[in-house]
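Enquirer: Protein chains in written order, with this note's numbering: chain A, 13 to 349; chain B, 54 to 729.
Don't read these hints as lab results, they were simulated from the structure. Errors might be hidden in some of the hints.
Each pair of labels, with its calculated beta carbon distance range [what the hints assert, rightly or not]: (1) B:503 x A:120: 13 to 23 Å; (2) A:110 x B:678: 19 to 29 Å; (3) B:527 x A:120: 22 to 32 Å; (4) B:435 x A:132: 12 to 22 Å; (5) A:102 x B:571: 46 to 56 Å; (6) B:627 x A:31: 31 to 41 Å; (7) A:275 x B:505: 29 to 39 Å; (8) A:210 x B:348: 34 to 44 Å.
Residues from chain B shown here face chain A by an in silico Cβ test under 7 Å; the list is partial [stated by the list, open to error]: (9) 103; (10) 104; (11) 403; (12) 482.
Even for Gly, the Cβ is constructed at its ideal location relative to N, Cα and C.
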Amino acid sequence: MDINLIQTQINSDLAAVTTIVALEEVRVKYLGRKGLLADLTGSIPTLPVEQRGSFGKEVNALKNMVSNLISEKELTLKNNAALGKKENLDVGMPGIAQELGSIHPITQIIDEICAIFNRIGFSVVAGPEIETEYNNFTGLNIPLEHPSRDAFDTFYLKKYSKLLLRSHTSPVQVRAMKKHKPPLAIIVPGRVYRPDAVDASHLFMFHQIEGFMVDENIQFSDLKGVLEFFAKSVFGTEIKMRFRPHFFPFTEPSAEVDISCIICKGKGCSVCGRKGWLEILGAGMIHPNVFKHVGYDPKKYTGFAFGMGVERIAMLKYGINDIRLFFENDLRFLKQF
Amino acid sequence: MKVTYSWLKDFVDLKITPHQLADKLTMAGLEVVSLEESGQDFVFEIEITSNRSDWLSVLGIAREVGAICGLKPKVIKQKETKAKIKDVLPLKILVEDKKDCPYYSARIISNIKVGPSPDWLKKRLESLGCRSVNNIVDITNYILFETGQPLHAFDLDVLGVNVVNIRRAKNNEKIVTIDGQEKILTPEVLVIADLHQPVAVAGIMGGKNSEVTFKTRNILLESAVFNPILVRRAKQKLGLQSESAYRFERGVDLTTAQSASLAAQELILKLASGKLCGFKSVGTSKQSLCVINLEIAAVHKTLGVNISLVKIKQILISLGLSVKVKSKKALTVTVPSFRQDLKLPVDLIEEIARIYGYAQIPTTMPAIRPGEDIVDKKNITAQVKNILSGLGMAEVITYSLVDRALLNKAGVACQEGLLEILNPLSLEQEVLRPALFPSLVRCLAYNLNQQQENIKIFEIADVFSDQGGSVQERPCLALALSGVNSFLIRQGLVKDEVTLLHLKGILEILFSRLGIKNFDFSRYDDNRINIIINSEVVGFMLELSQKITQIFDIKNRQVILAQVDLQKLSSHVNLGKKFLNLPKFPSITRDISFVMKNDLAIKDLLLAIEEKGAPLLRQAKVADYYQGKQIPPGFKGLTISCIYRQDERTLTEDEISPLHNQICALLKERFEINFR
Numbered sequence: 013m014d015i016n017l018i019q020t021q022i023n024s025d026l027a028a029v030t031t032i033v034a035l036e037e038v039r040v041k042y043l044g045r046k047g048l049l050a051d052l053t054g055s056i057p058t059l060p061v062e063q064r065g066s067f068g069k070e071v072n073a074l075k076n077m078v079s080n081l082i083s084e085k086e087l088t089l090k091n092n093a094a095l096g097k098k099e100n101l102d103v104g105m106p107g108i109a110q111e112l113g114s115i116h117p118i119t120q121i122i123d124e125i126c127a128i129f130n131r132i133g134f135s136v137v138a139g140p141e142i143e144t145e146y147n148n149f150t151g152l153n154i155p156l157e158h159p160s161r162d163a164f165d166t167f168y169l170k171k172y173s174k175l176l177l178r179s180h181t182s183p184v185q186v187r188a189m190k191k192h193k194p195p196l197a198i199i200v201p202g203r204v205y206r207p208d209a210v211d212a213s214h215l216f217m218f219h220q221i222e223g224f225m226v227d228e229n230i231q232f233s234d235l236k237g238v239l240e241f242f243a244k245s246v247f248g249t250e251i252k253m254r255f256r257p258h259f260f261p262f263t264e265p266s267a268e269v270d271i272s273c274i275i276c277k278g279k280g281c282s283v284c285g286r287k288g289w290l291e292i293l294g295a296g297m298i299h300p301n302v303f304k305h306v307g308y309d310p311k312k313y314t315g316f317a318f319g320m321g322v323e324r325i326a327m328l329k330y331g332i333n334d335i336r337l338f339f340e341n342d343l344r345f346l347k348q349f
Numbered sequence: 054m055k056v057t058y059s060w061l062k063d064f065v066d067l068k069i070t071p072h073q074l075a076d077k078l079t080m081a082g083l084e085v086v087s088l089e090e091s092g093q094d095f096v097f098e099i100e101i102t103s104n105r106s107d108w109l110s111v112l113g114i115a116r117e118v119g120a121i122c123g124l125k126p127k128v129i130k131q132k133e134t135k136a137k138i139k140d141v142l143p144l145k146i147l148v149e150d151k152k153d154c155p156y157y158s159a160r161i162i163s164n165i166k167v168g169p170s171p172d173w174l175k176k177r178l179e180s181l182g183c184r185s186v187n188n189i190v191d192i193t194n195y196i197l198f199e200t201g202q203p204l205h206a207f208d209l210d211v212l213g214v215n216v217v218n219i220r221r222a223k224n225n226e227k228i229v230t231i232d233g234q235e236k237i238l239t240p241e242v243l244v245i246a247d248l249h250q251p252v253a254v255a256g257i258m259g260g261k262n263s264e265v266t267f268k269t270r271n272i273l274l275e276s277a278v279f280n281p282i283l284v285r286r287a288k289q290k291l292g293l294q295s296e297s298a299y300r301f302e303r304g305v306d307l308t309t310a311q312s313a314s315l316a317a318q319e320l321i322l323k324l325a326s327g328k329l330c331g332f333k334s335v336g337t338s339k340q341s342l343c344v345i346n347l348e349i350a351a352v353h354k355t356l357g358v359n360i361s362l363v364k365i366k367q368i369l370i371s372l373g374l375s376v377k378v379k380s381k382k383a384l385t386v387t388v389p390s391f392r393q394d395l396k397l398p399v400d401l402i403e404e405i406a407r408i409y410g411y412a413q414i415p416t417t418m419p420a421i422r423p424g425e426d427i428v429d430k431k432n433i434t435a436q437v438k439n440i441l442s443g444l445g446m447a448e449v450i451t452y453s454l455v456d457r458a459l460l461n462k463a464g465v466a467c468q469e470g471l472l473e474i475l476n477p478l479s480l481e482q483e484v485l486r487p488a489l490f491p492s493l494v495r496c497l498a499y500n501l502n503q504q505q506e507n508i509k510i511f512e513i514a515d516v517f518s519d520q521g522g523s524v525q526e527r528p529c530l531a532l533a534l535s536g537v538n539s540f541l542i543r544q545g546l547v548k549d550e551v552t553l554l555h556l557k558g559i560l561e562i563l564f565s566r567l568g569i570k571n572f573d574f575s576r577y578d579d580n581r582i583n584i585i586i587n588s589e590v591v592g593f594m595l596e597l598s599q600k601i602t603q604i605f606d607i608k609n610r611q612v613i614l615a616q617v618d619l620q621k622l623s624s625h626v627n628l629g630k631k632f633l634n635l636p637k638f639p640s641i642t643r644d645i646s647f648v649m650k651n652d653l654a655i656k657d658l659l660l661a662i663e664e665k666g667a668p669l670l671r672q673a674k675v676a677d678y679y680q681g682k683q684i685p686p687g688f689k690g691l692t693i694s695c696i697y698r699q700d701e702r703t704l705t706e707d708e709i710s711p712l713h714n715q716i717c718a719l720l721k722e723r724f725e726i727n728f729r
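Next comes chain B alone, as it looks inside the complex:
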C-alpha cells in the first residue's frame, strides 16, 4: 500500500517530518518498506498485514497516524442528495443470493463529460503508481485509495436496460475483462450481469464492453460488499489480480461502501458535470457492532505492565473505538464497523500495546517450571552425527523432494509406494524421497566434479512412503564414500582407495560407541550386504555398480554406500555403561600364519578359534592379510593373532602351547589351511 505525505495531511495536521513519521508507523505495525521523495511530496510504501483491511486506505492510515501522534483526524461530513423526480430513471438490482453480496448500491449519473482528469488528480494517482485513464475511472480509483472501498463505473448505455443482476456465472459463460483477456467462467464465480451476459467479475474486474470511455455519456456507479471468500476463490481460479480484489478478499466496510459512493458522486458532478438520475441499494444497510468487555487486569496479565485505565481508555478512543467505563476494573468497548479484526479482549490488548509502544513494555525472565519430561530419549541423531564426524565424515543436507529421474538413475524401484506432490513448481519437487542414498550419490558426483579426491559424506533425514491408505515417515541414516584417501607418512605417500571395508569399519565403530554388541554384516546377494543387529536387518551397504556410477557421470571411482533405518537402529542402542575391571596379569599373544582358500569366510574361522580356545583365549583377530605373488591364485594369506589371558594369574607357555596346537590342528582339519 502506497500513501503520500500530502494526502495524509488532508486528514491530519502533521507536524513531524516524513522520516519521523515512517519510524513511528513502522513501530506501530505499519512497516514502511520504502520512503521516497517525489517532487514536493513523499511516498510511503507500507506493508499492510492481512488482518488490517482498514489500512488499505489513506483515511485508515490517517486515523492510525492520529492515534500514534495524538492528533484528531478531520471528519468529513456528507449528506445524501436525492435526484430530482423528473430526472429519475428506472433501475432494478437483482441479487441472487444475499450471502454472496450482502450489499449492492448503484447510482445513475447522466450527461457526464468524460475527459482527462485535472492535474492534481492525475498527480495523486500517479504518485501511488496508478495510471490515469479518464476522469470517471480516475475518480473511482481515487476514492478507492482514499477510502479503501472499490467502486466500479459501467457505461450505462452498453448495459441496455437498467437492470443489474448479481448472480453466479453459468458454466462456460465468457467475459473479456478490461485487461483484454477472455475468461471462461464457472458457477464458483460471482458476476454482475445485464439481461444477457456478465459485464463484470464481481469485486475483481469490469468487462471490456461496458468500460467507461471518452464516448460514454451515462454511467452506473457501483459500490458493494461482496463475500470475501468468493472473491478470493474467483481471483485464484481466474488468475486475476486487482486493487479491488485485494480489498474485497480482506473484507470491506459497509459504512464505507455507502460513504465512498456518495463521495465519488460528488467528485463526478464536480469534475465531469452530469446529474444524478437515481440511487438504489439492496441488502443490509446497517451492520451490527461488536461489543467487547475488557478487564483492566487482563491487560496487565497479558503484557506484564501496568497501564492505567485512563491511558487505556485514551488509546482505544484514539483508534476510533467507543469506550464506556463499566467499573474501576473494566471497560465496555464498542468496535466500529471498519475494525472487523477486533473480536476478543486480547485483540484490544494488542491495540493498547501497539499504541503504548512495545518498547515501553519491560523485559522479564519467566520462572520456567520443568513440567513433564517430554524429551525423546530414543533420539540418537546427535550422537550419531558426533561419532561420524569424528570418523572423518562430513554431514550433508539434501532436499527431501526429488525428481523421479534421480531415483530411477540410482536404481530405486519406484513404481509403487511413492508419495507424489500435488503442486510441485518443478520436476525436482515431484516426489518425497523413499531413500536417502540417491541424493548422496548425486552429492558425491558433484564433489568429484569439483576435483575433490576423498569424499566421505552422510545424512540423517526422514524418508517417506505410501503404505496404501496411510503415509509413512521414518528417520534414516545414509553414508557414502568415494575416492582415494592419500596420506603422507614418514615412509612416504600412501594411497588408499575406499572399499566396502572402509564403510564397514565406520559402521563398526558407530555401533560399538552406541553400545550395540551383537551386529553382523552378511552378504544378501552379489551386490548387497545386509547390516544385521540382534538378528534384525537394519540396513544395507553396497558398492554401486559401474552401470549406475556411469549414469551419474562418475568416472574411475568406486562408490560405497550404506543406508540404515534409524528407528530400528535406535531400538538396539544401549547407552548404559558398565565398568569392567582392567586385566591385572599380562596376556600372551601367539600368531598363526597360513594360506586358505578364497571362498572360505574369515568370520567362520574366527568363530571356530574362539569356540575352541575359550576360556583362556580372550580374542582372535586378523593381524595381517595378503594376496599376491607368494600366494597361489584362489587363496589368501592370513595371520591371526590369538590372545590368551587369565584373570587370576600370569599364564605360562606350558599352559598355552597344548591349546594353541589344538587350535592349529582344528584349522588345518576343518578349513584345510596350509601353514606358512
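For reference, chain A alone in the conformation it holds in the complex:
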C-alpha cells in the first residue's frame, strides 16, 4: 500500500470507530509490529539508495500523523464516556431537587412596592393593628360624628371603648409624625380591618400601603411625580395616569388616582367597567389640621400622603378575580406566585 492510500484510509477507518476496543484494532492495523506502516518501513531497503532518504522521511511523517489522529480519537472517546453517554441516561426522567417554598403574593406585592419607594428614599415603617380612636380618626381630621366616617366602618374592642382595629394604615402618619421631625418620607404596609360583608371583592381584613412625605417645600406636583414613578414601575411605562379631585378628611387638595386599564389599554372592558380607567389609590396634600394634631407648623411644612389597597393591586397585576383566594391559602394558588 502506498503512502497516499494510507493517508486517505486512516481517516475513514477512524470515522467508523466508536469504542476504545475498535480504536485499538485500528492502532494495531497501522502502527502494530506487523502493521501497514511497519510494512512501509520494511520496504525501505528494497528501494534505490538515492530514494531511501526522502521516502524514510515521508514514512516517519505519516507515522506521526497516524499516531496523532489515534490519540485524538482516544481522547474524544474517553470524554464522551465521562459525559455519561456510555450509560444511555433517559433525560426524560424527572430531575432530582429539593422543592422550593413560596412567598405569599400579597407579601410579594408589598415587597415590590416598598422596594420601588425605597429606591427614591422612602423608609418602611410599621404600626400596630390595635389603634386608638384618636389616631384612627380624630388625629386625621375625621370627625367622629360625620358622614365622612361612613367610609371607615370600624371594628371596636369590647372592653376598651377607645380602642379599635385600624380601618386604614393612615394612623401610622400620626404616630410617625409625633415621633419624628421632618423631613420624613415613609411607607407603611399592613393589615387593616373593616366590618364589610364578604364577597368576591370585599373582606373584613385586607392590606393597605400608606405613604407620606413631609418637608418644607412639598407640592402637589411632587405627589403627581412620585405616584407616576410608582405606577409606571408597577404596571409598566406605557400606562397613562389621571388624578381626579376627591374628598378625604385628612388631605386637601385630595385626589383619586386612576391608571389606564391594563387589560384593555383604555378601550373599555369588563374589568374597568367600560370606563377604560382603573382606580388604584387615594392621595392628597396632608391637611393642615393633621399637622396641628401632631405639632407640626402648617405654615412651615407641607406634605403629601397616599394610600392603596394591596389586594386590589395584586388582583389587577395577576388577573385574580376573587379576593377570598388570598386568604384561602390553597397551595395550588400560592405556588403560582
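Starting from the known structure of chain A, fit chain B onto it as the hints suggest.
Expert: Relative to the frame of chain A, chain B by itself:
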C-alpha cells in the same frame, strides 16, 4: 345623587353633549358612575363626596357645571308674598332647644286640591327613581332634588291645633313612620310633635298619621335646619334612611331653607290651588359668612404651578364666591352660606386646582432628604420569610379575627385574656387570635382535603391578648407541617412522612442563618418541646394529638407545628458576620458504631464526647441511626462520627488513637453502650 341633562339645562345653557359633560364632571370631582339614556333625556348618577352637601341638588350641580364650562347659571328671583289678613290662621312654633333646631319655618296653605301630579313632574321624579305619590308630596320631593332642602308637608287637620313643638322624644314614646314601621323613641331623637304626640322624626321621616293623602285639605309646610349630628344619631339608632336624612346629616343651607320653602309654596298654589294662610319662622334668619384671606404665593407653594391672580379670581367667582383683591399678593374671599366646607386657604386652593384642572398641574420629583433614620433594624420578618421559603415552606396569610370555636378545637385555653370584638358581623370575627397555629391547622386541613400530599406552611402575624387593663400585640411566627414528602431518586421512590425532626431541622437552619448559636430543644412535657435560645424560652413545637387532628377532620396524617415569639427571637439575632480562616490541614474522621438504651439522650452523649475530645476533636455528629430487627427492643443503634483536626499541622493516627480510645471507654462506662 341622580340628575338629568334636561333639568340641568333649566339652569345652564349647556352646549356640550351629555357624554362630554360626564367626563368634565368626573374630572372635577363629581364622579359620574353611570350615564343612561332615558327617553329624550339622559340620567347622570354622580357619586357625591361627603363634604359637598351643596352638590346634593340640581341647582348645586348646575352651579358647578357653570364653573367648569364657563357658563353663568340662571338666577331665579323670588319674592315673599304675605297672606291676606282675613285668611291668617293662628300658628305657634315651639323650639325646645335652638341647638337642636337653629331654624324652623312653617307655612299654612289651605283649601288645596290633592291629586295626581302633572306628567312633567311625575317624569322628572321618576327619572331620578322617585315614585310619584300625589301633587303635594311630589312638590316637596321636587324642591328637595332641585334645591337640596328637605321639606315636609303635614296634614294640618290631623295636627288638631296649629301648634308644632320641636322637642326631644320622651322615653318609650312611639311613632309609626310613613313607611309603616313603628319606632320606639328615646330622648336622643328629635321629633316634631303636636300637643299630644310626635308627628315626625325631625329631618328623617314624617309620621303615618299626619301624611298628606288625597283627602287632605289643609297643610303645614315645614322647612327647617336641624342639627346634623342629631339627625345622624337618630337615623343610626332607628335604622331609618331617607333622602331628607341624607342631606340633613351633611348639613343644609339656611338661605336655601328659606328660598326652597317659598319655591314649594309657589308650585303648590300653581298645581294644587289653595291659598297661603300664614307663615312663621323661628330661629336664626341670617348666617354669618366665613371670610378667608388667600395669599397667591400659597397657591403656588401647595400646587407647584403658577396660576395668575386674575385666573384665580375668575375661578373663585365662577364657583359663587365673592372675591376682593386686597393687594397684588392676596385676595379676600367671602364664602357663601351654601359652601360650609370652605374654611381654610387650602380649601380654596383645592377649588382652584379642581377648576384649573389637576391634569394641568405639572409632574415633578421632590428632592427627598433622608431625614432621621427611622427604619426598625430589629425587624427580621423579611429574612425569616426568605429563609423559610428557601427551605420549602409556603407563606400563608390567615385572618387575625377568629371564632372561639376554632381556638377551642385547637386546644387553646381561651377563658381569659381574649380580646373580643364589640361589633362582629359574624362569629368568624368574634375575637382577636391569641395564637397563630389554630389558623394554620385549619389551613392544613383545607389543603389535605384538596388532595395535597406534602404541606409545609408558615405565617408571620401579630397575636393579641388582654393583659387586664391593657392590650398586647406581639409579632409571632408559626410553622406547620403535615403529609408525606415523596421524592424520586435514582434508587427509586422514597417516602418520608414528616416528624418533629423535620421541623427541628427547619428551625435549626433558620436560627443558624440568623446568627443564633446557642439554641436548644428541650422536652417540656409529653406533648410539648420548648424552643430555647440563650436560656430563654422563645416558643414551642409539638405534634398535634390525634384527638385534635380528628376534630379538624385530618385523617391518617400527623400534624407537626411550632410557634415562636418573633420579638423574643429577634432580640437574639446577630447578623454581624465574621470570617473564620479555612482549615489548612486535613481532618481525620473516626466512626463509633454502637447500641444504646432508648431512654438515654443523644444530646448528653454528644456533649460528653465533645468535652472529652477537646481541643483536637472539632465535631461529633450523628452519622447514622437505626432501630429494627438487628437491634434489641428498648435500644437504638447509632454511628457517631468524630472529626479530629489541628490548625497548625496534619494530625497523625498515633496522636488520635489514644484519645479516641478514651472517648470510647468513656461512652462504655457512662452510657453503657455496646459496640457493634
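Enquirer: For residue 102 of chain A and residue 571 of chain B, compare the CB-CB distance with the range 46 to 56 Å and indicate the outcome.
Expert: holds (49 Å)
Enquirer: 22 to 32 Å was suggested as the range; check whether the CB atoms of residue 527 of chain B and residue 120 of chain A agree with it.
Expert: This hint holds: roughly 25 Å between Cβ atoms.
Enquirer: Confirm or reject the claim that residue 435 of chain B and residue 132 of chain A have a C-beta distance inside 12 to 22 Å.
Expert: Holds - the Cβ-Cβ distance for residue 435 of chain B and residue 132 of chain A, about 19 Å, lies within 12 to 22 Å.
Enquirer: Given a hinted range of 13 to 23 Å, is it respected by the beta-carbon distance of residue 503 of chain B and residue 120 of chain A?
Expert: holds (22 Å)
Enquirer: Once the shortest beta carbon distance from residue 104 of chain B to chain A is found, is it less than 7 Å?
Expert: Holds - the Cβ of residue 104 of chain B comes within 7 Å of chain A, reaching about 5 Å at its closest.
Enquirer: Could one say that the CB atoms of residue 110 of chain A and residue 678 of chain B fall in the range 19 to 29 Å?
Expert: holds (21 Å)
Enquirer: Quick check on the hint: residue 482 of chain B CB to chain A CB, less than 7 Å?
Expert: Status holds, d = 6 Å.
Enquirer: Hint check: is the beta carbon of residue 403 of chain B less than 7 Å from a beta carbon of chain A?
Expert: Since chain A brings a Cβ to about 4 Å from residue 403 of chain B, closer than 7 Å, the hint holds.
Enquirer: Verify the CB-CB distance for residue 627 of chain B and residue 31 of chain A against the hinted window 31 to 41 Å.
Expert: violated (59 Å)
Enquirer: Note whether the CB distance of residue 210 of chain A and residue 348 of chain B lies within 34 to 44 Å or breaks it.
Expert: Between residue 210 of chain A and residue 348 of chain B, where Cβ atoms are some 49 Å apart, the hint is violated.
Enquirer: Going by Cβ atoms only, is residue 103 of chain B closer than 7 Å to chain A?
Expert: holds (4 Å)
Enquirer: With respect to the beta-carbon atoms only, verify the hint that residue 275 of chain A and residue 505 of chain B lie 29 to 39 Å apart.
Expert: holds (31 Å)
The structure is inconsistent with the numbered hints 6, 8, although it conforms to all the rest.
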